[in-house]
Amino acid sequence: MPTLRIKLGNRLVGTITNVVTDKNIFVFDPGYVEDERRPVLSLSYYDIERKLITRPREVQRRLPPFFSNLLPERDGVLRDYLAQRGGISPEREFPLLWLVGADLPGAVIAEDSEGQPLPPEEKSETREANKEEVLRFSLAGVQLKFSAIGRGGRQLRIPAQGRDGQWIVKLRSPRFSKVPENEFAMMTLAKEVGIDVPEFGLVPVGSIENLPPEFAENKTNAYFIRRFDRGPDGERIHAEDFNQIYGQYPEKKYEEHGYTGMAKDIWAVLGEKGLAEFIRRIVFNAAIGNADMHLKNWSLLYRDGRTPTLAPGYDYVSTMRYLPDRGLGLPLARTKDVSRLDDELLEKASGQAGVPRGLVKDIAHETARAFIHTWSQHNPGLPIDDLGRRKIDEQLRLVPLFKEHVVSGKPKRKKR
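Numbering follows this note's numbering, in which position 163 of the sequence shown is assigned residue number 145; successive positions increment by one, without gaps.
Derived by calculation from the structure, the hints in this document are not laboratory data.
Label pairs and their computed distance ranges (CB to CB):
#1 Glu191 x Arg43: 35 to 43 Å
#2 Thr202 x Arg339: 43 to 51 Å
#3 Asp286 x Glu254: 17 to 25 Å
Keep in mind that this is a model prediction, so the values were computed, not measured. The C-beta atom is built at its ideal place from N, Cα and C for all residues, glycine as well.
Working from the sequences, and respecting the hints, build out all of it.
In C-alpha cells, the structure reads:
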C-alpha cells in the first residue's frame, strides 16, 4: 500500500497510508509520541490538557484536515494547474500531497516510503513528457501563485519544478482588476500602521525568469512577498493557519469560529503581545474593508519548532473595492457589521473572550488613530484607483471606531 512518511524537517512524525478503498490513514510514529520535547505538528493534535492525541485519523478520499489545508484549495486555479501538470486527479488528495510533498507550507515534508518521487499517473496524457518539468510545490489558497527564488524586486526566478522558493509571487486575477497593486497598497498601509509584515513589492511580470510560458507574456504587475516559513538560507520554519488549528477543512474557513473565540485562544497561548497584535489587525482590516480575513489568513509560527508566535500579516486586500461586502471576515461578538464596531462591541467581545477590556479598547483606538494618520499621509502615492480611495474614505465615515477620530475629513488631534 502506498505510504507517505510525514516529517518536520528531518524529524519523522508519522505516516499516511492510502488503502485499497482510497481511505487515507494518518498514524504518529512511536518515537515522536514518546519524545516529550517533540516539535509541534499542529495544536489540533493536542487535547485541552495539552496532551498529544494519538488515535489514528482515517478519511475517505481526502486527507485529514491538517494535511488537506497544506494543499491548494479545491476548485482553485492552482490546484487544477498542478494536478494537470502532474497527471493526477485534483480530487484525490493523497497523490496530490505526494506530488508536492517536498515543498509544502511550514516545515512539513511528505515523501514516499519507497523513495518514488512522483505518484503513479492517473491521466497519462496530461503529464509532461519530461518529468523534471512537473511543478512540485504547494501554496495554500485559491489564487494562482508561484514559489520563487531571488532577491525580491531585483531578481525573481521560478525554480525548476517550482520548489524551494523563498518568495511567493501572485499574478493578476482574471476576475478583478489590479489585485497585485491593491495588495501592495494595503500591505504598505499595514506596515506604516505598525503591523508586522514580511518584505513585499511589485514587479513587472515580464521580469520574472522561468515563469511558465502561458503566463510569461502577461504585461501586468505581479505582487511578491517573502515567505515567513522560510529562513534566509531557505531553512524551513514550521507554521499552521487557524483553520488547521481548529481541525477544519479549507471550505469551512468562514464557519464555526470567529474573532471572539480566536481572541480567547490567542490570549491563552500568546498572552498580551499576541492579543494586542491580533486586535490591531482586526481594526486595520476593518478600515480597508477586507471581508476575506478568514481562518486561513491567520497563522502561528514555530521558530524553534515548539513555541508559537503570531505569524506576520499577509493577504491584506481591500475586497470592498470589488465586492459589496464591507464587513469583517469573521464575526466579532456574533456580528460582522462594521457599522457596529465601537467601544460597546469591543467590551462585549472582550467579556465573551475573557480578555482585558482595557487592553482591547486601547489597542483598537491606537490603531484607528494610526490608520487615519497613515491614510492621510500615504493615500496620494498608493497604486489604487479613485474608486478604491473613495471606498476607504466611506469606510472611515461608516465605522464608529474611526469616525470619532476624524473631524471634517481630517485626523483629530489626540488630547494630551
